[in-house]
Every structure is written in C-alpha cells, then in structure tokens.
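Engineer: Sequence:
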Amino acid sequence: MDNQKLIEMLPPVTDANRAFWEGTLAGELRLQYGDSGTPRYPESPVDPVTLGEDFEWRAVSGRATLWSWIVMHQKYFPAFADEVPHLVAFAQLEEGPHLMTTLLDPPEHLECGMPLEVVFEQISEDRAIPKFKVVSG
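Per my numbering, the sequence shown starts with residue 7, numbered consecutively.
Since the hints were made in silico from the structure, they are not lab data.
It cannot be assumed that every hint is accurate.
Stated by the list, open to error - The calculated EDC-like cross-link candidates involving lysine to aspartate or glutamate, where the alpha carbons are at most 16 Å apart (straight line), are:
no.: 1; residue 1: 137; residue 2: 123
no.: 2; residue 1: 11; residue 2: 117
no.: 3; residue 1: 139; residue 2: 117
Stated by the list, open to error - Derived CB-CB ranges, DEER-like:
no.: 4; residue 1: 41; residue 2: 115; range: 38 to 44 Å
no.: 5; residue 1: 59; residue 2: 90; range: 20 to 26 Å
no.: 6; residue 1: 96; residue 2: 64; range: 20 to 26 Å
no.: 7; residue 1: 58; residue 2: 90; range: 40 to 46 Å
no.: 8; residue 1: 60; residue 2: 81; range: 40 to 46 Å
no.: 9; residue 1: 64; residue 2: 127; range: 20 to 26 Å
no.: 10; residue 1: 78; residue 2: 31; range: 26 to 32 Å
no.: 11; residue 1: 28; residue 2: 111; range: 22 to 28 Å
no.: 12; residue 1: 41; residue 2: 117; range: 18 to 24 Å
no.: 13; residue 1: 15; residue 2: 116; range: 20 to 26 Å
no.: 14; residue 1: 117; residue 2: 91; range: 14 to 20 Å
no.: 15; residue 1: 121; residue 2: 9; range: 18 to 24 Å
no.: 16; residue 1: 88; residue 2: 16; range: 16 to 22 Å
All C-beta atoms, glycine included, are put in the ideal place defined by N, C-alpha and C.
I would like the entire structure built from these sequences, with the hints used as guidance.
Structural biologist: Printed below as a string of structure tokens:
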C-alpha cells in the first residue's frame, strides 16, 4: 500500500476530529458522547438525540461485529493499487456506531456477526488508522 497516497485520502485533522486521531496514535478508539449518553461516529457538533452542543470524547472497547463486507476487484484508489482484491468491511462497534474499515488477515470464510477487535496501523508520524481483525476462538 502506498502510505502517502493513503494519507492524502484521509480527512484532514481538525479541531472537530483531533481527539479521534490522537486516540488512534495512543492505541485507543475514541467516540464522541453527548448529553444523551449516545456515542456517535463520525463526529458531529450536536447530540443527535438532544441537539445539545456539549460532548466529550471517550475511549471505547474496540470490540465489534462484522456487519457487512465487500471485496473490491477494481483499482478505484491509487493507494490500494497493489492490494487488489481489497476487502472493505463494515463493523458495528459494541457501543453501537458503524465504522467502515479494513480487516487484517481475514479468514477465507467470513460471516456476518463474526467478532472483531480493533488494531491500529501507524502510517506516518502523526497518523494511525483503525483496522480490525477477526477474533478467533
């Protein structure tokens, strides 16, 4: 994978998402929680339940289940040109939100509901991206 091209595809670090990206560098998956106590991803300036503007970032468990996936056979993005076919997964975090991600070393046979856990791949000095692996056993 071409890390520089991947970095160019990522959203810029802003005040709104800085805590998320700092968490990935610290090995934590962080989500926003508003006054309703409902976690949200991606970040948002208001709580979707109360419309309140107060929130905090919390580290979450990093556990998820495989909700869906697709195998890409086309070279849609230059960063993934050397990784075709490329598996894109949709993980439902234990806390509720869904996250589009990559599965590391996926087994040959996947099933919806398979348990996953987050791992972080540092792709530059200031960026790490969350990926998931299937929990065996």
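Engineer: Decide, hint by hint, whether the structure agrees.
Structural biologist: Here is what the structure says about each hint:
no., hint, in the structure
1, 137 <-> 123, "8 Å, holds"
2, 11 <-> 117, "31 Å, violated"
3, 139 <-> 117, "13 Å, holds"
4, 41 <-> 115: 38 to 44 Å, "43 Å, holds"
5, 59 <-> 90: 20 to 26 Å, "43 Å, violated"
6, 96 <-> 64: 20 to 26 Å, "22 Å, holds"
7, 58 <-> 90: 40 to 46 Å, "44 Å, holds"
8, 60 <-> 81: 40 to 46 Å, "44 Å, holds"
9, 64 <-> 127: 20 to 26 Å, "22 Å, holds"
10, 78 <-> 31: 26 to 32 Å, "27 Å, holds"
11, 28 <-> 111: 22 to 28 Å, "27 Å, holds"
12, 41 <-> 117: 18 to 24 Å, "37 Å, violated"
13, 15 <-> 116: 20 to 26 Å, "24 Å, holds"
14, 117 <-> 91: 14 to 20 Å, "19 Å, holds"
15, 121 <-> 9: 18 to 24 Å, "28 Å, violated"
16, 88 <-> 16: 16 to 22 Å, "18 Å, holds"
Hint check: violations occur at hints 2, 5, 12 and 15; the rest are consistent with the structure.
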